[in-house]
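Asker: Listed below, chain by chain, are the residues.
There are 2 protein chains.
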Amino acid sequence: MPEHRSRKDAARNREAVLEAADTLFARHESPEDVTMADVAAAAGVGKGTLFRAFGDRAGLLRALYEGRFEPIREAVEAGTSPLGPATPPQDRVPALLDAVLCFKLDNRRLALALEEGGSSSPYGAEHYERWHGLLRDVLEQIPGLTDSDFTAHALLAATRADLVEHLAGEKRVPRERMRAQLATYVARVLAFGPPQSIDRR
Amino acid sequence: MPEHRSRKDAARNREAVLEAADTLFARHESPEDVTMADVAAAAGVGKGTLFRAFGDRAGLLRALYEGRFEPIREAVEAGTSPLGPATPPQDRVPALLDAVLCFKLDNRRLALALEEGGSSSPYGAEHYERWHGLLRDVLEQIPGLTDSDFTAHALLAATRADLVEHLAGEKRVPRERMRAQLATYVARVLAFGPPQSIDRR
DNA sequence: TGCAAAGCGGACCCATGGTCCGTATTCTTG
DNA sequence: CAAGAATACGGACCATGGGTCCGCTTTGCA
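Protein chains in written order, with numbering that gives the first Met the number 0: chain A, 0 to 200; chain B, 0 to 200.
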């Protein structure tokens with residue numbers, strides 16, 4: 000690549016920060032009580048370094064997110080798993096939502112930090128856009144389903160980080176139960192009523 | 000009466016603050032750029048007064064909310080409208096969700112401020128608890144519907160303030176269209192499949 | 001080895017929620 | 001109506017946290 004690679008101290012520090020942040024967010028109840036200064040300190044780095052590497056808090060969160068999300072994204076794009084494009088829509092939709100839920104269960108704090116993240120709503124983020132677009136397109140292929148756009152929003156809303164945190168964290172709902180509930184719910188949305196489902200085409 | 004009423008200057012100031020806050024939140028794009036100092040200034044009052052009257056930012060928001068929400072709450076509790084307890088569950092659920100949606104459409108900024116409101120997730124607020132509890136109970140009465148608790152959460156999630164704001168505000172989805180989409184969605188969730196409930200699982 | 005360029009880091013800035021306390025207003029009681 | 005107690009007022013003040021600045025250090029190319 001033409002563009003210079005970053006200096007090795009920069010690269011090292013970047014990694015250190017990512018690791019420290021990851022640990023800190025995982026350790027603390029609420030993302031709010033992990034400050035940028037904390038992250039810098041834990042990484043053994045100055046605040047200036049931190050901000051130069053990631054721009055701002057959102058940038059740091061985004062970087063963490065991308066790292067964690069890579070595998071899933073790959074599975075969705077090209078994989079042969081139920082997430083991949085080869086899966087028929089009515090099976091792929093639940094699989095996608097289950098994947099989102101699992102991701103948020105596995106990365107509760109991070110997802111929370113990213114999603115509520117203060118200033119802007121999650122709906123501005125481009126990763127949301129991507130998921131919504133994908134889901135919308137898949138829904139579109141299910142015959143008889145109207146309002147794919149809104150439906151995609153509504154389904155994704157059922158997996159919002161703070162809801163997941165509330166249920167899994169405070170209400171102590173076990174992982175598998177949540178997955179089952181979401182699956183049932185999604186199935187219900189996709190399985191439109193008996194009488195009028197026949198004539199659809 | 001045992002407990003003294005508040006002094007009249009206090010009462011007057013309280014009103015002034017509520018009014019000023021209402022106006023300010025309505026005028027600004029994001030709740031974030033209405034500061035407590037702004038509110039105090041607009042009300043012609045000192046910050047001390049503001050904080051004494053409402054405790055903190057959340058308290059002010061809550062007070063505003065309660066005022067706005069009163070009518071709906073009454074309709075739900077005792078009214079004869081479709082919101083009231085007399086309505087059969089399968090009709091009441093859509094009515095309730097439509098009411099929530101309309102409220103958030105009519106009070107976009109306020110709802111946004113209240114819901115994302117920074118520190119704590121909406122799921123901690125007791126007004127959410129109330130709505131969720133009510134919806135859960137009504138859902139419970141619909142035969143064949145399982146997981147009422149989760150379903151209530153998921154349905155309410157479809158009316159979250161930031162989603163409403165995103166759709167109505169940025170995406171310019173007209174009010175009636177949103178209501179229709181939500182209604183369709185809710186109907187789909189409530190209209191579960193035939194006896195054998197599909198082979199899915 | 002020399003010397004830009006890139007990077008470092010922590011002192012510093014500033015906005016904002018929230019507190020404090022001396023002063024002003026209101027209520028009560030005689 | 002007087003006067004003291006109780007309550008409220010308000011803006012200076014504080015703490016916190018994101019983000020910036022800039023003199024010094026490290027890196028890496030020649």
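Hints listed in this document are in silico derivations from the structure and should not be mistaken for laboratory results. Among these hints, one or two may not hold up.
Here are the computed distance ranges between Cβ atoms for each label pair [said to hold, decoys possible]: (1) B:G132 / A:H126: 29 to 35 Å; (2) B:G66 / A:H126: 33 to 39 Å; (3) B:A77 / A:D136: 41 to 47 Å; (4) B:E175 / A:E14: 35 to 41 Å; (5) A:S29 / B:G66: 47 to 53 Å; (6) B:T22 / A:A36: 25 to 31 Å.
Fair warning: this is a prediction, and the values are worked out from it, not measured in the lab. The C-beta atom is built at its ideal place from N, Cα and C for all residues, glycine as well.
Asker: Indicate, hint by hint, whether the structure satisfies it.
Answerer: Hints, verified against the model:
no.: 1; hint: B:G132 / A:H126: 29 to 35 Å; verdict: 33 Å, holds
no.: 2; hint: B:G66 / A:H126: 33 to 39 Å; verdict: 37 Å, holds
no.: 3; hint: B:A77 / A:D136: 41 to 47 Å; verdict: 46 Å, holds
no.: 4; hint: B:E175 / A:E14: 35 to 41 Å; verdict: 52 Å, violated
no.: 5; hint: A:S29 / B:G66: 47 to 53 Å; verdict: 29 Å, violated
no.: 6; hint: B:T22 / A:A36: 25 to 31 Å; verdict: 37 Å, violated
The structure fails to meet hints 4, 5 and 6 from the earlier list, while all remaining hints are met.
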